[in-house]
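**Student:** The lines below spell out each chain.
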Amino acid sequence: MAYNCVVLAKQVPDTKRITGQAMNEDGTVNRAALPAIFNPEDLNALEMALQIKEQYGGKVTVITMGLPAAAEILRQSLYRGADDVILITDKRCAASDTLATSYILSCAVRKLNPDIVLCGRQAIDGDTAQVGPQVAEKLGVPQITYTEQILSLNGKTITARRSIGNGWQEVRTKLPVLLTVVDTANEPRIPAAKRLMKYKSARCRIEIEAMAKQDPSIDVDAVCRQLEQKGLLIRQWDLDILGADLKWCGRDGSPTKVHRIQSVVLTAKETKSVEPTQEAIEAMIHELIVDHTIG
Amino acid sequence: MIEVNKQGEVWVFAEQHAGTLEDTSIELLSKGRQLADQLKVPLAAVLLGDRVEPLCVRLGQYGADKVYLAEHPLLNHYQTSSYAKVLDELIHKHKPQIMLYGATPVGRDLAPRVASALKAGLTADCTDLQIGRHEIPSTGKVYENLLLQIRPAFGGNIIATIINYDRWPQMATVREGVMPMPEPDGRRKAQIVRENISLLPDDLMLEILAEHRQPKKVNLKASRIIVAGGAGVGSKENFKLIWDLAHCLGGAPAATRAAVDLGFIDRDHQVGQTGTTVRPVLYIAVGISGAIQHQAGMSGSQKIIAINNDPEAPIFQIAHYKILGDLNQVVPMMIKAIREKV
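If you read the protein sequences in the order shown, they are chains A and B. Counting with our numbering, you get residues 1 to 295 for the letters of the first sequence. Counting with our numbering, you get residues 1001 to 1342 for the letters of the second sequence.
Okay, chain A solo, but in the shape it has when bound (with noise of 0.2 Å):
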């Protein structure tokens, strides 16, 4: 039995790169100088789909919502073995909270009727682990959140092995189903080379429309022409396309705000140095001792 796969997928910026450059003056974050990356576990959400795929049959579809931008990671997933990718970009997004991206999202999944959906377990920028559950609540289909591993499929339900923190669980539950996956799941392979000579060209509608405003030679109608008759025409959904409901999208479905932002400042607290050597040590140790740290 085959499956319907749809992976749902982040662009973020690379947090753990940030350094002195990547910070404004003040000490805000800059966004624009971060590297945009794949956000990495949905890459393991996205390997396991194509594990399913290869196991079983079947289809894997990547969306990601987001900046016409993340149509590279979109073209990442064709590398690696996506059979089709969806960008959902529209201004009206802007600003959505956890709840307001789980309803988008939960509008283009239904779409496209899957078995299984599978995204990461959590984005490397809010890190909130949030989208996932509330995107099965709004399909009303079970979740199993930190997925390990996939036991058995058997065309009507699914074993699996999720974390618990200290321990695992093997659940069995009806499809269709969605999975957050975890980084320990597996081992995401890298772009196969004939696919991205195959795939590099693929772009959607509005980077085409950008391209055309740089120069005005490009008519925008013909290149997507040319591209779609070749495959390699990004699918690009907005809000009316999903037929959401705009009250519960963008900054109006999102119930949580932001009161305020501070960059993290290393305190300095009172620093006093210590010389390595023993008799400084031994003094170090004595001043502990006497102000009941240790001992």
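I should point out that these hints are in silico values taken from the structure, not numbers from a laboratory. Values in this document were obtained by computation on a predicted structure and should not be read as measured data. Hints are supplied without guarantee of correctness; some may be wrong.
[Said to hold, decoys possible] List of simulated lysine-lysine pairs, DSS-like, C-alpha gap at most 30 Å: (1) B:LYS1040 / B:LYS1095; (2) A:LYS16 / B:LYS1236; (3) B:LYS1085 / A:LYS111; (4) A:LYS272 / B:LYS1303; (5) B:LYS1221 / B:LYS1236; (6) B:LYS1236 / B:LYS1303; (7) B:LYS1085 / A:LYS174.
[What the hints assert, rightly or not] Output of the computed footprint for chain B on chain A, the stretches with three or more beta carbons under 8 Å from beta carbons of chain B: (8) 74-85; (9) 113-127; (10) 167-174; (11) 202-214.
By construction, the Cβ of each residue, glycine as well, lies at the ideal position given by its N, Cα and C atoms.
Based on the hints, put chain B in the right spot on chain A.
**Tutor:** Here is chain B on its own, set in the frame of chain A:
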């Protein structure tokens, strides 16, 4: 979606497994108590399970005024769908203004599902909660007594304060270990409010076929003294120095994510953004540069000693004692000094 409710109670989800309360629920009660007192409303724990009534005593001793008790055989094991259904019903019925969950695997599985069903806001993995006001700059409209939900984001590089003022309840998950464990008060007793709930086997979407819980090998949260090693320790053999120093101080050995990834020590010992958050009396950071992700898990330590041969290591900026030197020489000196003095 429930109406904005300013009179409602503060609720804490009391997470239990096989009749044992999770520490995080008790930590939440101590924070919940402060919030409820400030708002002058009762603090309630919500306890779901099968034959879990004996836990109500402890919930009362740790600060709950009330316990909403939902007992049912189908609530014996935690399951997203059944637990979410019951919480959704109870929240609709009693309309708390604040609902808190531990940011445990259970809390992070359950809370988003409940928030989605209620169309309520949810802030993940908070490290602090306060009551405060918010003014919308464009309109000057002021909201008083909101829950300020404080959390690190962007890999710990920023601290965001999140609020919600137009949909209720205000919900958050709270990171384990960041709130102090309160002392129980044996005289305190919670009022038990029994909830009649109806559940059918169809409400369980999942079958749990097998489960394995291993007791944590190390309890970093309970350790007064922690000796942590980073990538700078160099090798698993060198890491013996960390164990030795921890041993002679009666402390626990710990590590950064980098040291765990290098295989110097196992993951149970990891302190930081993706590991355990600790607040010991003394934290000794050995060969740790002090990435923001690590600091997120240990900067609440009362005293910090940092040993590093790189004068630019960020850990020095938060350390009380800075030892610039080779850890292979400094750590044995410390062990010698402690053995002689203590």
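**Student:** Compare the structure with each hint and give your call.
**Tutor:** Verification of the supplied hints:
1. With a C-alpha separation of about 16 Å, the suggested pair LYS1040 of chain B and LYS1095 of chain B falls inside the 30 Å cut-off, and the hint holds.
2. Between the alpha carbons of LYS16 of chain A and LYS1236 of chain B the distance comes to roughly 25 Å, so the proposed pair stays at or under 30 Å and holds.
3. Restraint check for LYS1085 of chain B and LYS111 of chain A: satisfied, since their Cα atoms lie roughly 26 Å apart, inside the 30 Å limit.
4. This hinted pair checks out: LYS272 of chain A and LYS1303 of chain B have alpha carbons roughly 11 Å apart, not beyond 30 Å.
5. Restraint check: the Cα-Cα separation between LYS1221 of chain B and LYS1236 of chain B comes to about 24 Å, which is no more than 30 Å; the hinted pair holds.
6. Between LYS1236 of chain B and LYS1303 of chain B, the direct Cα distance comes to roughly 26 Å. Compliance with the 30 Å bound is thereby established for this hinted pair.
7. Proposed proximity of LYS1085 of chain B and LYS174 of chain A is supported: the alpha carbons are some 18 Å apart, at most 30 Å.
8. With 0 residues having a Cβ less than 8 Å from any Cβ of chain B, the segment 74-85 of chain A misses the three-residue criterion, and the hint is violated.
9. By the rule of at least three residues with a Cβ nearer than 8 Å to a Cβ of chain B, the coverage given for the segment 113-127 of chain A holds, with 4 such residues.
10. For the segment 167-174 of chain A, the assignment as covered by chain B holds, since 8 residues bring a beta-carbon within under 8 Å of that chain's beta-carbons and 3 suffice.
11. As drawn, the segment 202-214 of chain A meets chain B at 0 residues by the rule of a beta-carbon pair under 8 Å; below three, the given contact is violated.
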